[in-house]
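Q: Here is what each chain is made of, one letter per residue.
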Amino acid sequence: MRKLGWFLLGLLGVALAQDALVGVKVAGGWVRFPARPDMTAAFLALENQSEKPFRLVGVKSEVAERVEVHETFQEMRDGKMVMGMRPVASLEVPPGGRLELRPGGYHLMLIGLKRPLQVGEKVKLVLVFQGGLRLPVDLPVEMR
Amino acid sequence: MRRWVFPAVLVLALLGLGYLLRPKGHAFYGTRLLNPKPVDFTLEGPSGPVRLSEMPGKAVLLFFGFTRCPDVCPTTLLALKRAYERLTPEERARVQVVFVSVDPERDTPEDADRYAKAFNEAFIGLSGNLEAVREAAQTFGVFYQKSQYRGPQDYLVDHTATTFVVQDGKLVLLYSPDKVEATDKVVADLRALL
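Residue numbers (full-length UniProt numbering), protein chains in the order written: chain G, 1 to 144; chain A, 1 to 194.
Excised from the complex, chain A in its bound form (with noise of 0.2 angstroms):
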């Protein structure tokens, strides 16, 4: 009987000591930032100037679009909503949504901020005068360019449609539209930034 005993706890030391190294905490599906990048902008709002570092202790969640289009916004906006309607209310009160118009020729921060909450009434989408949008966009490595120009009012803007997650002034989490799209995995990521 007794030579079971120390095998017995061997196998029990065994997997209590491989219980203790499992890996810690959350495996994020988003890709990590290793070394979070310090961000910032200043774009206009419907009622001025609204600065990213000015939301502090919020999980930011930003795009960069543009309101006449169809499909490739709309999906990503749509998907952040699906995320951003699946968290408590305490959460949503520490994530915000926010949508950057690369269009500012055509978009207003007025427009811009009506598309957004026409989404969720809590997104906010910004605009702003053509060097603020450049600048902003330089600093997410966003690239846009108009396309089938057909004049002033009638053009399409190709652009990446990355969506960054801003914590505390830096840039943490980065999603492909194709990723932002797995709203579990989205919610399961930023619950364990909150």
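For reference, chain G alone in the conformation it holds in the complex (with noise of 0.2 angstroms):
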């Protein structure tokens, strides 16, 4: 028993370093569940615990042939209102600060799905940052 305890320590010991290494941290998010089975959006949380800025600049994944960062936005046109999304070059996280991507903001668009995504499983994502970070993130496919 203390043995798994010393485990579980040495554990979230090295978790605990590899933030500290890497200073950004993915604080929750899903894949939101694809209405047309080939592609759909995701949405993140991204927490910069470092003195310095992170920028996003691009997203992998192996469901689909390319991830965008897109921004969802609302104008006047013809004085109507109208929506629609723009692609993003590149989404900065400021230090000690915190970036949403959520429902009609920025969100992650996931281009050619590869294969039918079931509610409740894991998509693999990598997250991309400017100097050549690469961050792993699983986010559960999600029906909202």
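Hints were generated in silico from the structure; no laboratory data involved.
Misleading hints may appear alongside valid ones.
Claimed, not checked - Straight-line Cα separation of at most 25 angstroms, SDA-like style, residue types lysine to any residue; simulated pairs: (1) A/K117 with G/I111; (2) G/K80 with A/F143; (3) G/K60 with A/N35.
Using the hints, build the complex out of the two chains.
A: Here it is as structure tokens:
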């Protein structure tokens, strides 16, 4: 029992050390269940625990041909309120700050899904930051 | 003792009057149209033409979007799913959620319907020829335009994301994309309409 305790403490230590090493972490997120089989969106929050900014410059996923960072916007056109999306080249997570990708705001577009996704399964994404840092994350597929 | 009687009766009478004069009926959360506008369209469903006015006795919740829309459209359709699934089976029988594609070049009626049914089996999706979709959108003041065009199969569509409620052939209620997410209030509105 005590051995297990040390082992868990060790794991925690490794996890903490990695967080400290990386400085940025994913604080929750989900992949939206795909209402059409070939594309969907993913949402997540990033927390920067370091004193330097992190810039998300790309995302890859084994389940999608490509992943783009998009922004949902709202504006008047022809006197009518219109919503749309546009690609965003990169996103900054400020030092000690938080960046949230959520419905109606920034989101990841998973384009060209290679297989059907089931609610409840985990999807692997790799977040690529400026400077080459690659942060893997598993996000659950959810109906929300 | 007796001198208390009159003031007490007066207070009770005023309370009673206040009760009788209280605002009657349901205060709608959605935007109510003071002059409900007659609306109709005929678009294509997977098994043939579907006419809006041929859903009598139903409150029709109408949303225009496109199936390659992973943020705005699912957010609203998930909100409509939550509201719809909160209703009793009897109430649901009198509500119809309809998704209309404003991307008829890519979305066949089958695509639109499959997309709508991914949210709830009772939802229906419609598409149609370019002219019919444009007319239907115009009827509801819906604007749509292609954007981020990279090719005939690779573009997005900017569009009005209002949810419209049609009852007895008339547009009676509107929800902005923000408002439609307040499930409790939308459910209360629907119950007041039914």
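Q: For every hint, state whether the structure bears it out.
A: Hints, verified against the model:
1. For the hint pairing A/K117 with G/I111, the CA-to-CA distance comes to about 21 angstroms; that is within 25 angstroms, so the pair holds.
2. Restraint check: the Cα-Cα separation between G/K80 and A/F143 comes to about 7 angstroms, which is no more than 25 angstroms; the hinted pair holds.
3. For the hint linking G/K60 to A/N35, the alpha-carbon distance of about 51 angstroms lies beyond 25 angstroms, and the restraint is violated.
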